[in-house]
Amino acid sequence: DEEAVVVEIGTAYTKCGYSGEALPRSVVKTPSALSNPELNESEFYDVLRDFLNIIYFHKVQSRPKEGATVLCENLMASRKLLEAAVKVMFEDLQVPIVYLVMENSLPVYTSGGYTGLVVDSGFTDARVLPIFEGIPIVNSYQSMDCGLKKVLECMKTKLELDNDQAVEDILVKMGKVSFGELRKELQERKEDRDYYVVPKGSGTRVKVSLRQRFTPEEVMFGDYDSNQHNIAAGVLKSLLKCDIDTRKGLINNIILCGGGSMIPGFQERFEEELLNLLDDEDFSKLKGLKDFMRVVESPYPRNLLNW
Amino acid sequence: EGVYAHYLCDCGKEWGIEDMYFCFQCTKPLCVYCVTEEIDSFYCRNCMENMPTTEAMAFKNRCSRCFQCPVCFTTLQILLNNSSGQKQYHFGCQHCYWDSLTLGLSGTSLNELLMSNQTHFTKDNPLQQAVQKLQETYKVNLRNRKKVMYRHVAREIWTLEDLQKSLSNKETIEPSLHEPKQSETLDSLLSENFEYFDRTDIDQRLTNLSTQPQEVNQATAQPLPLLTKRSKRCKHCRKYVVKPETLPNYSNPFKMENLLVYFFPKILVREIGEDFVALVFVNPTSSVSYMKILNTGLAEGEVHLNAYDPIMDLVTAEGSSENEAVVQSREKNKVVINLPRESNELFFDMVWKFSRGTEIKEVNTRVHIHLT
Numbered sequence: 002d003e004e005a006v007v008v009e010i011g012t013a014y015t016k017c018g019y020s021g022e023a024l025p026r027s028v029v030k031t032p033s034a035l036s037n038p039e040l041n042e043s044e045f046y047d048v049l050r051d052f053l054n055i056i057y058f059h060k061v062q063s064r065p066k067e068g069a070t071v072l073c074e075n076l077m078a079s080r081k082l083l084e085a086a087v088k089v090m091f092e093d094l095q096v097p098i099v100y101l102v103m104e105n106s107l108p109v110y111t112s113g114g115y116t117g118l119v120v121d122s123g124f125t126d127a128r129v130l131p132i133f134e135g136i137p138i139v140n141s142y143q144s145m146d147c148g149l150k151k152v153l154e155c156m157k158t159k160l161e162l163d164n165d166q167a168v169e170d171i172l173v174k175m176g177k178v179s180f181g182e183l184r185k186e187l188q189e190r191k192e193d194r195d196y197y198v199v200p201k202g203s204g205t206r207v208k209v210s211l212r213q214r215f216t217p218e219e220v221m222f223g224d225y226d227s228n229q230h231n232i233a234a235g236v237l238k239s240l241l242k243c244d245i246d247t248r249k250g251l252i253n254n255i256i257l258c259g260g261g262s263m264i265p266g267f268q269e270r271f272e273e274e275l276l277n278l279l280d281d282e283d284f285s286k287l288k289g290l291k292d293f294m295r296v297v298e299s300p301y302p303r304n305l306l307n308w
Numbered sequence: 076e077g078v079y080a081h082y083l084c085d086c087g088k089e090w091g092i093e094d095m096y097f098c099f100q101c102t103k104p105l106c107v108y109c110v111t112e113e114i115d116s117f118y119c120r121n122c123m124e125n126m127p128t129t130e131a132m133a134f135k136n137r138c139s140r141c142f143q144c145p146v147c148f149t150t151l152q153i154l155l156n157n158s159s160g161q162k163q164y165h166f167g168c169q170h171c172y173w174d175s176l177t178l179g180l181s182g183t184s185l186n187e188l189l190m191s192n193q194t195h196f197t198k199d200n201p202l203q204q205a206v207q208k209l210q211e212t213y214k215v216n217l218r219n220r221k222k223v224m225y226r227h228v229a230r231e232i233w234t235l236e237d238l239q240k241s242l243s244n245k246e247t248i249e250p251s252l253h254e255p256k257q258s259e260t261l262d263s264l265l266s267e268n269f270e271y272f273d274r275t276d277i278d279q280r281l282t283n284l285s286t287q288p289q290e291v292n293q294a295t296a297q298p299l300p301l302l303t304k305r306s307k308r309c310k311h312c313r314k315y316v317v318k319p320e321t322l323p324n325y326s327n328p329f330k331m332e333n334l335l336v337y338f339f340p341k342i343l344v345r346e347i348g349e350d351f352v353a354l355v356f357v358n359p360t361s362s363v364s365y366m367k368i369l370n371t372g373l374a375e376g377e378v379h380l381n382a383y384d385p386i387m388d389l390v391t392a393e394g395s396s397e398n399e400a401v402v403q404s405r406e407k408n409k410v411v412i413n414l415p416r417e418s419n420e421l422f423f424d425m426v427w428k429f430s431r432g433t434e435i436k437e438v439n440t441r442v443h444i445h446l447t
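If you read the sequences in order, they're chains F and U.
Position one of the first sequence corresponds to residue 2 (the numbering used here), numbered consecutively onward.
Position one of the second sequence corresponds to residue 76 (the numbering used here), numbered consecutively onward.
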């Protein structure tokens, strides 16, 4: 087969599969050791050797010698991790060619054009990277501390749970983001509802209130006026750093990707926040762009867009 | 902790005898990292059938006949329901009692059942088509852009016509309409019948990648992923160390399975004295073998070990070995030797000579004994 193996090692999950196919063959959890920036290269090498072995021989089930590999790298990840990964591929697995691509520059192509604003809500943080005519504008890269890691920590303290797996389970099954009418109602009315659930990984019953289900939006769409993190604000800040001529094309092609964007209600709330913030003083220069904002709808699952 | 013997591999790491392989050409023990793996063939873990590589690739490395439960991932069984007089086949999980009737998947014959499941998988096709369409668009774009690029490089001065042409080529961006989307109301959330176990968790969603359903009753039974049979080769001389059997029922008597336990003596600790350790060396081969222990302070001569042959029972050597004084005792195919020790760690080198057929192989290794 002439298809290349595509591997994206994210902080939380690694997606692997063949190029040319619509979906990755497998999505596995990335070993937590790989997100530790303190490790030196040989330690990364040991962890990666075992991990990439599993990826190639058990998940993708390919013959690494017989094809190229595409490795998606994260701009902000440790350089040593990347070097160790490439070393494992060349030495251990005997991959003939490795292509390195920048993670966030790729989803633009799912919109059919070459220009766009990629908003990746990942595990460690939420990132915005504008891409113009295929070239990422790295100066305008914005990173906001509203990753899913923070959402999980927030939920942990609220629910008073210590178990990581249980909190992740609750977030996946119950997390929501409010927008439009629901958002107004939540602010105005005070009613609440308690759910008693037994999450995976914990044997005990946990009480989750309706308000707590909406924790993700507190972290990701915090109040801009009180200096809380807000993904939409990050997008606008990034736009301000871009050339004035490019802004129209960029805002017309906003692409949401990453695991966080899978939370129900994320896209709608994002659009709402963006439109509201364009009225804000700080972004008055961008106000004219209000009419041109468009978030790309695609049939493709958002958390796999980078892959 | 514990008392055990480790062998040093060439790469610098130490391993127990069970973790290592043996290369005949280099006569060296190899650890897991010193063998390169290759996928030889595929098989299904449920029906145990071997799948030729081309078929495996066509089905995306999944079995065509076996399916896994979307809830607990165990293999699904085909169940027959005879109650209404008419035969109804459907899938069922013996572990969590999920059945495919919830999805409406059933058939009057086995073939019908499998066909109805296939239609479920056409959901993947629109995505595949979308991806292909994108690929084609970009290929066309690439050709066009290349033409434009070269044209610009060729000319040094832009004329007015060039400028007008490139401006007119630009796509105009239309303002987009923003329609407010319908959201849920607080009342509906307060009164909805929320069942935690009806929601899919992250593993279930990641198995159903194309749809990633939020509710369990939307999840479909995925075909079972295949497992691989991998062969291992020595990293240095590229000779086969382990080559698996392709056919499931045939067990090859000449199978290539060069594990170190079959060729190298196993070292056990019998007794730990104050200043010595009594080690037992067990001969795994079926002929008399010889070993030398170096760097210990004992006389460095050859000691022979008897062996167990499958046909002739105990095989003893003719005469005694040159270094018989070192041997404490002999039992069948084992030899007990006392080595002097100063601390809880003992290092020594070993030369092991055994015969395979008419050849005599000599292996050198370093041994590390832990005593805690």
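These are calculated hints, taken from the structure and not from any lab test.
Misleading hints may appear alongside valid ones.
Where chain F lies over chain U, by a calculated footprint (3+ residues, C-beta under 8 Å) [stated by the list, open to error]: (1) 203-213; (2) 257-270; (3) 277-290; (4) 368-380.
Away from chain U, derived, C-beta distances all over 12 Å, residues of chain F [to be verified]: (5) Pro-25; (6) Thr-111; (7) Gly-266.
Even glycine gets a Cβ: it sits at the ideal position worked out from N, Cα and C.
Hints and how they fare:
For the region 203-213 of chain U, the assignment as covered by chain F holds, since 7 residues bring a beta-carbon within under 8 Å of that chain's beta-carbons and 3 suffice. Evaluation of the coverage hint for the region 257-270 of chain U: fulfilled, as 8 residues show C-beta separations to chain F shorter than 8 Å, against a requirement of three. Proximity of the region 277-290 of chain U to chain F, defined as three or more residues with a beta carbon under 8 Å from a beta carbon of that chain, is established by the 7 residues found. Judged by the Cβ-Cβ criterion of 8 Å, the region 368-380 of chain U is not covered by chain F as claimed, because only 0 of its residues qualify and three are needed.
In this structure F:Pro-25 is not separated from chain U by more than 12 Å, as the shortest Cβ-Cβ distance comes to only about 7 Å. Listed as outside the interface, F:Thr-111 is inconsistent with that label: its C-beta sits roughly 7 Å from the nearest C-beta of chain U, within the 12 Å cut-off. Not every beta carbon of chain U lies more than 12 Å from that of F:Gly-266, the smallest distance being close to 7 Å; the non-interface claim is violated.
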